[in-house]
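Number of protein chains: 2
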Amino acid sequence: MIRVALDAMGGDDAPRVEVEGAVLALRELASTFRIQLVGRTAEIEAALKPHGDVDRARLELVEAPDVVGMGEKPLAAIKSKPRSSIAVGLGLQKRSQSDAFLSAGNTGAVMAAATLMLRLHPGVQRAAIGAPFPTAGKSVLVLDGGANVDCDARELVGFAHLGSVYARDVMGRPTPGVGLLNVGEEDEKGNAVVKEAHQLLKRTAGIHYVGNVEGRDILAGHSRAGPIDVVVCDGFVGNAVLKFYESAGRMFVGMLQQALPDVLGRPEVKKLFKFLDYAEYGGAPLLGVKGVAIICHGASPARAVMNAVRVATQMVESHLSQDIEAEFAEGGAVA
Amino acid sequence: MIRVALDAMGGDDAPRVEVEGAVLALRELASTFRIQLVGRTAEIEAALKPHGDVDRARLELVEAPDVVGMGEKPLAAIKSKPRSSIAVGLGLQKRSQSDAFLSAGNTGAVMAAATLMLRLHPGVQRAAIGAPFPTAGKSVLVLDGGANVDCDARELVGFAHLGSVYARDVMGRPTPGVGLLNVGEEDEKGNAVVKEAHQLLKRTAGIHYVGNVEGRDILAGHSRAGPIDVVVCDGFVGNAVLKFYESAGRMFVGMLQQALPDVLGRPEVKKLFKFLDYAEYGGAPLLGVKGVAIICHGASPARAVMNAVRVATQMVESHLSQDIEAEFAEGGAVA
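Chains as they are written, first to last, in our numbering: chain A, 1 to 335; chain G, 336 to 670.
Hints are computed from structural coordinates only; laboratory data are not their basis. Incorrect hints may have been included.
Said to hold, decoys possible - Calculated lysine-lysine pairs in the PhoX-like style (CA-CA distance at most 20 Å, straight line):
#1 G:K408 <-> A:K195
#2 G:K530 <-> A:K73
#3 A:K290 <-> A:K270
Only chain A is shown next, with the shape it has when bound in the complex (with noise of 0.2 Å):
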């Protein structure tokens, strides 16, 4: 059985929406998994308390007492906080004693505490946050989402790889197309590290690289040059749009609200705004690591907890680690 380490103190308002996402995770998902919540325990229960009854036998409390701020300066907070649930979280995975770690606590201090305790898998020069994208059709994976603001050419291919292996194993796409982000298709645009990546992917075996494509791409999942999985970007760019889309989906659900009063109770109209709340998706992978590290945003609702939980099963159940070691070792890292 799949063992999820779930932060209980990240979020916004922690321990309650992480507990209750565990809570309906449980209860609505099939029960390939059971859940190790992770922090202070006397508060966890506490928060169990309203839910009544809960499998308890796939319910572990893992005791950590410190908790990481979301302002805190993440290596540090890592360093100095060894007790910390993201931690102890990240700790249990480090022992083969749990298969997977979410958080919705601090970005920075997951990410450097999963690279500095997983670690990369040789040949991952970065690992990246994949942030998948909704789109009318289907997702779209960005990445990266905001790991590293600084990136060079074969970081970009490294990440070409690893959003392949993410496409591949956990979002069922064969063959997975991969663009990567620029200001135009031809060959000559671009800054210097993009042209220099676009050239680089050209000739990378292992990727069906469809070539440059441009911000309008991403959505409508295509590129004039042919369907798109993937999309590459340094995180600047990528934490950038991701933050944008989600703003842009706010501010459309709050002007429809306003136009059309009379049709919110629809179920059309909310499926739709359920499509456009950003909050709803499950969190986002921290790819390249030896294991599974899932990002949530700081302000998840429960159900975004529950659905990141099975994005977890799915990256263990589909050995992407392994898959993405494999990749490496492949030397499909370096064109």
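Position chain G relative to chain A; hints supplied.
Same frame as chain A, now just chain G:
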């Protein structure tokens, strides 16, 4: 009377759409300007025919036999085609025979030609495309929208000045708040260039610097630190977010049409669709050149061309170019 030169051969459906846009502008806007339609005058005359009575006293046709194609390399095209509609249109302004130039043609060629022919104001290191982002509240100007894929910190500070003057003169914001697009609000966030720009902007006189802002703050129109009218970033990330926004609007319209077919005729829905249709908006000014140049989307419909004519007249009437000159003459470019 303001003289607006309009590249009649620019857009995807030129000269039909440009001519229609000119006719609309002459009919619907205040009569403070006349239009110089630049291009193959025989084709322009033919395109004018279906529109019947047009105020020809305010409409001049200027012959330019060559056309720069959308796929042509900008600099080479400009140098090899001195009689292109772009070169001829900007030439009018250079010789003080026109006050503004707008084109929906090859963006790179318009930028290159405007920079070469009009030149930059002293102190301006790079011209930037100012992209107005419609929001639920007031619009926010994002720059650079794609003119410069690599920027150093001082260039970003220059964009803050350019955007501030534009926001004051054309957007009606007496003390525009300026944000620096980053992955987080804290001082230590971002890549080396952005960190340096943040420090420079904090001590730049004449800029109402709000601080680092995130992708989600653009459409919100404010960060936690205050309201923002202008968001500064390099042209790579600005272009990605700009094109992403266009496509998000299109996607939401499509989803709405599918979810709520029975309400599409309502005026409030039409208003919402108009908002979401980025093509409705006028062009993006190229800021920093001596004069007025506006770049329109290649797919601009006639109404967008008309809106761009209106913006061009506002830029001339508000003495934007002179105000930019003064801003940089005061040493504003360098912190």
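Here is what the structure says about each hint:
no.: 1; hint: G:K408 <-> A:K195; verdict: holds (16 Å)
no.: 2; hint: G:K530 <-> A:K73; verdict: holds (16 Å)
no.: 3; hint: A:K290 <-> A:K270; verdict: violated (39 Å)
Hint 3 from the earlier list is the only one contradicted by this structure; the remaining hints agree with it.
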